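Enquirer: Residue strings, one per chain:
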Amino acid sequence: MKLGDKIRQLREASKLTQGQLANASSVSQGYLSQLENGEVKHPSAAVLLRIAQAMHVGGDELFEAAGYPTVRTLREAYRGYEATVEAELITYLSGLPRDKQRRLLLVLEGMASVLTSNGDSRGDHGWPRGRDSGIPPRSPHKSLEYSRSRN
Amino acid sequence: MAEYMDRAALAEKIDPELLQMLGRMPRRQQRQVLLLLMVVDNLVYEMMRERRLREDTE
Numbered sequence: 003m004k005l006g007d008k009i010r011q012l013r014e015a016s017k018l019t020q021g022q023l024a025n026a027s028s029v030s031q032g033y034l035s036q037l038e039n040g041e042v043k044h045p046s047a048a049v050l051l052r053i054a055q056a057m058h059v060g061g062d063e064l065f066e067a068a069g070y071p072t073v074r075t076l077r078e079a080y081r082g083y084e085a086t087v088e089a090e091l092i093t094y095l096s097g098l099p100r101d102k103q104r105r106l107l108l109v110l111e112g113m114a115s116v117l118t119s120n121g122d123s124r125g126d127h128g129w130p131r132g133r134d135s136g137i138p139p140r141s142p143h144k145s146l147e148y149s150r151s152r153n
Numbered sequence: 018m019a020e021y022m023d024r025a026a027l028a029e030k031i032d033p034e035l036l037q038m039l040g041r042m043p044r045r046q047q048r049q050v051l052l053l054l055m056v057v058d059n060l061v062y063e064m065m066r067e068r069r070l071r072e073d074t075e
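Protein chains in written order, with our numbering: chain A, 3 to 153; chain B, 18 to 75.
Don't read these hints as lab results, they were simulated from the structure. Be a bit skeptical, because a hint or two may be false.
What the simulated footprint calls covered on chain A by chain B, stretch by stretch (three residues with Cβ under 8 Å from a Cβ of chain B suffice, anywhere in the stretch; the number is not a length) [claimed, not checked]:
{"id": "1", "stretch": "61-68"}
{"id": "2", "stretch": "91-99"}
{"id": "3", "stretch": "102-112"}
Predicted model only: the values in this text are computed from it and were never measured. Backbone N, C-alpha and C define an ideal beta-carbon position, used for all residues, glycine too.
Looking at chain B on its own, in the form it has when it is part of the complex (with noise of 0.2 Å):
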């Protein structure tokens, strides 16, 4: 039960439009927006890092 109220509090968290445009969502496309998120933050992450390394060799 304590688990499930937290994960409401963490539902309150995030703009009830893209919580509803979500919740039409079958779970099988939710879960590929969750990995396309994950793979564009990890993305993002290399590409900063690599700018990083770029910056400081020169």
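Excised from the complex, chain A in its bound form (with noise of 0.2 Å):
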């Protein structure tokens, strides 16, 4: 649901009106109306969290109808990727301080930038592209491609 028609959602189910919410959360009338209508583009989280608190109702619904991550939607895409990574991967992972984290992260990208440098342009390796999709395609290796074909 539109955050607009979240916030006049709520607003209705508490019996407020416009004026009374606008009043209550320290915002102009008119720029209720604007939100309820859909014509803010990017509300800040503190206007939201005064307004969700005006109708006593959780800051987490409109922060997620308005696009902001919240716990649930973190939560949500932790079991996502906890679906798709290996289970010992992550036990073992976790089991890691975060600085070394970071640093395998690091490792990880440093390597996977040195095999694939001078590359060809097959870029069918598999290897992940870094962050920014900057790592370029990797250059066929004899050992490698053993390795590879075996599996």
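Once you've looked at the hints, go ahead and assemble the two chains, each given alone in its own frame, into the complex.
Expert: Here's what the structure looks like:
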């Protein structure tokens, strides 16, 4: 549901007029009207929180409708990764401190960068691209080709 | 279900960018990363043990 529709729905459920809600959340009635009509592109989290508090609802409902990440959406994203990453690897990595995890990320990206330099244009080596997709394709390498063909 | 929740809780302890990178890898490569980490882990352990033994004998 869009943010404006969500605010209107919650406001009506709280039996508040636009004027009352605007007053209770310290925004102008005009701004609240614009919000409900979807005319505000990026409302601030602070304003959304004040509106939510004035309606006695949790801020997350409005944050999610506005596209802000919340604990719930982040948790869902994590569950998605949990399903796509090997369970044993997750168990192993979760035992490492965060700073070591960051260093491991740099090492893996560095390795991918080294192994894919001087590359051809096939781009079918299967190694995931870097965060910004800046890793060029890898050149054919005998030993790697051999290990790949065995699997 | 409980096991799934436990693993999801473990995933939350992992750096999101690292998890994202691993999530883009095929399963076979993920297992190779795990194998690589375990080999390096073992190598470091052996090196430390050897160094301690050497220090004890000196």
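Enquirer: Against this structure, judge whether each hint is valid.
Expert: Going down the list of hints, with the structure as the test:
Only when three residues or more bring their CB closer than 8 Å to a CB of chain B does the claim for the stretch 61-68 of chain A stand; here the count is 0, and the claim is violated. Given as covered by chain B, the stretch 91-99 of chain A passes the check, having 6 residues with a CB less than 8 Å from a CB of that chain where 3 are the minimum. Counting residues of the stretch 102-112 of chain A whose C-beta lies closer than 8 Å to any C-beta of chain B gives 6; at least three are required, and the coverage claim holds.
Hint 1 alone, counting from the list given before, is not met by this structure.
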